[in-house]
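Reconstruct the complex from the two isolated chains, following the hints.
If you're matching them up, the sequences are chains E and Z in order.
Quick note, the first sequence lines up with residues 100 to 526 if you use this note's numbering.
Quick note, the second sequence lines up with residues -6 to 294 if you use this note's numbering.
By construction, these hints were calculated from the structure, which means they are not laboratory data.
Treat the hints loosely; a few may be bogus.
[Said to hold, decoys possible] Computed from the model, here is a short list of chain Z residues facing chain E with C-beta under 8 angstroms:
1) R54
2) V58
3) K61
4) K132
5) H288
A virtual CB, placed ideally from N, CA and C, is assigned to each residue, including glycine.
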Amino acid sequence: MKIVTVDQVSKRYRLSRLGSKSIREELQRFGRRLVQGARAGDGDTEDFYALRDVSFDIEQGETIGFIGPNGSGKSTILKLLARIIYPTQGKLIVRGSVASLIEVGAGFHPELTGRENVFLYGSIMGMKRAEVRKKFDQIVDFAGLERFMDTPVKRYSSGMYVRLGFAVAAHINPKVLLVDEVLAVGDAAFQSKCQQRIEELRRGGMTIAFVSHDMTAVERLCERVVFLQNGVIRSDGEPQKVISDYYNAVVFKSAEQENEAMTAAAGVETIGGREAEILGVKFLDRDGLEIDALATGQPLIAQIEYRANRPIEDPVFELFFYSADDRLHTHYTTALTGDQIAMLQGHGMVEIEVDEFGLTPGIFKIDASLMRRGAIAPYDWKPRQYLLKVLPGKKVRGMFYSPHRWRLVPLGEAQVTVAATDKNEFL
Amino acid sequence: MSVTLVEKKNLNTEGENDPSNPATNTHGAVLENVIEWNDSLWSHLKELFKHSELLYLITQREIKVRYKQSVLGIVWAVLQPFSMMLVFSLFFGRFQKIPSDGIPYPLFSYSALLPWTFFATSLAFAIPSLIQNSQLITKIYFPREIIPLASVFAAFIDFLIAAGLFLGMMIWYQVPPTWYLLYVFPLLAVQIIFTVGVCLLLSSFTVLYRDVRHTLPLVIQVWMFITPVIYPVSTVPEKYRTLYMLINPMAGIIDGYRRAVVQGRAPELSYLGLAAAVSLFLAWAGYKYFKRLEHEFADIV
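Bound-form chain Z, shown alone (with noise of 0.2 angstroms):
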């Protein structure tokens, strides 16, 4: 199968390689733009960042019609990982006396709960995405990546204004900010990298397989509980760790922000270049496999 699509960037020159019709030959320089539908991830990425806007746009729609008609509103964003920390912290801090290498404990968890929230939230509107939008994708073309994205990163802006709270708590407990704190940015790409690779992936098998909806809320609470967010790394023995983080980056990944964070101390390098390289990994392949499944949506979804 081929579909080529011949886009050209003059919408003024149509007629200029006809030469039986020299009236239209007079149009200066053309610029002709041929896209082969080849299945380049590059060719693919260019048609994404076209609809940049619409992508901007779709996140917009997501955050706006979440909060619509609701009382709190954005309130919300902040509110379900804080009340997570107040439990956390009642039960496992204050009662259990779970370790937490001798941060307080409400900082402790909300350092993990706020990332964790950010790839959970994502998980959770991404993942049915496309079914959800199924009357968009059988009406109307564009690079159906965008509804994912938009879900990821309209779950980012949650993660910021969240992370607001985090800040106004960081004073409160009085953790002087250190220069480790600028590893949150390459911390946050490989988040990102990460959690895009894996709703990719899982949305486009999604429409396939209706059960993996069914399994989501369940995927996403056993995963919390892999993840050090209510415990420290730690806690996993020191011969596992290595296939630990193998096995489950965003085990690194919130390691790193409680490090870079809280403790003031860099991630755990090895660690997160692990991370990094399942992440990328992942986005690559579960990009492959949306687009290759992408041609068929329309007709199942």
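For reference, chain E alone in the conformation it holds in the complex (with noise of 0.2 angstroms):
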């Protein structure tokens, strides 16, 4: 059953309306309209559409992610389905109770205490107050603050505000839950213990939109995921996909941008470089065709390209994967692996092959240096000069991918049947 329908909705803003005028602006703007003709007034209203004939539905017990740079309208979508704010055009039917965990703990009074807070927010959130009674032991045992509940809010910091409002939000029963970033909240536990909570219930068959930056938790969590940009829907469907989607449209993008703008303000940098230089670096597939992205978990090959304009003795080939906020995560080198080089004359290639590309999703810059074992000086480096994409593909938890095999290992009594599909990997 569809339990949201929102069809061709427009949300538009008035730029000009934006924090209310005083009335002598709005006599002005009538006095003008008076002298210059009926629509001159008008000349001054600047239209921003947040929102542009957005159309979806959304299935009961379905887990939904909205993802989109900055400003793309999905924070709008939220407070539309919320009901906070309505749209300028189009239809927007919710079949039943909504609940929001967008900012939560919003609804407390600083001069309340936690306990007459939590009566407050209950019903705010739209709990009748015979419900939160019988859940007020479970709400304040969630946030931890059984020795505060007396005291005012005011006095609390404010990781205790924000636990407590969550503690009340994660414990009312709506149709559709809407989450909006909130799981950054708090410390490492009860960031745990909010993810799970949310977890429970949407196994339990609630229906939850999601809005997050955090494309992992998007795709561990969503079974569907809409991408937006500038109030428009980009794409819509099944996850990787989308977020491939999202990587290619918005992340990659900007991060190429900057690049670019980088190198041209530069220059091509390069360090060294008269006895021997690298020429080039070039990604390619298992089929030797050029690639300039590929999927977690996918084969990868790299070519590095010289000239050793005198023989070179003992050479050492290394590349470096920094991600977008210039952190290394990967280094390739042949001082560890692969044939010992002797001596390097003349104009050449190496290559390198990973069967299983282990870095998660996101845009990678590469360095690439040539330099003698041991030594101080590179003959030559190339910092930043290359850029591969990494899209989603092999689902991974935590900060890369490493190529693995299970195995069932009977031990004496143990009654194990391994399940006969195409894609189970102990057959």
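Rendered as structure tokens:
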């Protein structure tokens, strides 16, 4: 059953009306209108569409994620579903109660005690008082604030505040739960508690709409993802595909532009390079076709082309993979693996082959360097000169994927039956 | 624009309209409650009624918050009309000898100050209330009229407390209670309807134009002086009186209280009827206007 129907919904903001006007300004506008004719006064009304002609449905029990860059309209969708704001055009149907974890604790009044606020906030979120009373101990226990329930919340630390807010919000029983990045509250222990609770609600069949910038969380939690850009749905469907679209359209594009700008500003930077130089780095797939993107877990071949103007002894080739925030994620070097090269001269190429590339989605800037083993100054070093995009592929939880195999080990009495599917790795 | 809110009363019946899913068809009778968002006042009132607990809790919050961390606490509710009464009695009653229709001046002024303070406090708290609660409005859905209504109800509680003192004064001045006292109830009803109308209209207007907030103290003050609080209605010349009552329904209401409670007479029913008519119209128009603007509150506030 469709629990939410959004049909060609647009949300327009009048920029000139954001932040209300004074009556004097309004009168002036009215005066201008009289003098200049009927439509003149509207000239200063600049419209901004936070959403434009957006349509989608949410099925009962579905966990749907909304992703997109800042200002793409993700949060506007949640606010529309929560009935905080109203669409300018279009039709919006929500069949059932909605509760939102949008800035939990927003309903708290600083002067009231924790206990009073639990009742007030619960009621604002649509719970009956009797219901709050029943769940009160559970809520307090979840927040871990037993000792502070009779303290005004203005004396709470910000962490306590949010914990109490989340605890109340997490105990309502709506048909649709809206979650907006609130998982990043409190300490690690509380965060995992929140995630567990959401997981619990999800398994209980609750419909969840989720907005996040954390692609790993989105991919893990959601069955379906919607990617928004500039208020328009760019793609909608299977998480891996939609997240790939998002990386291609947003993350990679901005990183590429940034990189181009940097290169343009600095010129092609190269350090060293008279005795021997790196001419280029190319990435290929198994079939030998050049690529600029691949998915986590896919094979990768990288080729480094060089020219040695005079004989180079005991050279070492290296590749460094830096993430967008300039942290070194991985490093390949001929000093540790592969054939030892005794001497090098002329024009040539070295190649590395990675069976299953382990980095998680993102864009990587790559350094290539060529140096003599143990030397301090390289013959040539190309810092952050090459780009490789990694798309969602093998599901990864954590920092990286590492190739592996599982095996069943029969032990004494253990009874194990292996399922007969073609995907089963045990067969 | 249309927003449709379809609500099911029975939360355990999802999928009963889905013929492809026979497993869920085993539930019993289904109560389906479909609310079309069609701007009818009736549906707004139903929605408000559904949130009556929230109205209660927010009213409670208003009262608690107002008197928390103040030494005198709830005494403030009495102190305001009472101190005004003392000052008025001294300057207007004793020194100026303003006519009070033969009633002791303290009683004369307090009987008017009491409902007036209720009205003025309602306005002072309800009108800026939406702006002050912008935090709530931009984060969570609920019928927005709850916020100004809670301010009015909180002021009503203050009024009840201050009325306790009035009973003491009646005993002190040996005013015999009469059956006309019962007129207090229709008077209160009309006053509350009028107050709610003004508050709905002006609180939503304040979201659009902050000017209202700055002019509010002035308006309340001027309004008190054009209402028979300090002086009796008889001060206003007979030929203007109907017009006066039409323009300022509070005049008829305040005069009604004074007659019913202190003078033991029925209120001037034509004035009360006029006030009731104006109040009902204002409440209706105010609610309509409020609900029309409500959609934009979260965008503007």
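Comparing the hints with the structure gives:
1. The restraint placing R54(Z) at the interface with chain E holds, with a minimum CB-CB distance near 6 angstroms, inside the 8 angstroms limit.
2. Interface hint at V58(Z): satisfied, since its Cβ lies 5 angstroms from the closest Cβ of chain E, which is below the 8 angstroms cut-off.
3. At about 5 angstroms, the closest approach between the beta carbon of K61(Z) and any beta carbon in chain E falls short of 8 angstroms, and the interface hint on this residue holds.
4. Look at K132(Z): its Cβ gets to within about 4 angstroms of chain E, closer than 8 angstroms, so that hint holds up.
5. Hint status for H288(Z): holds, given a least beta-carbon distance of 4 angstroms to chain E, under 8 angstroms.
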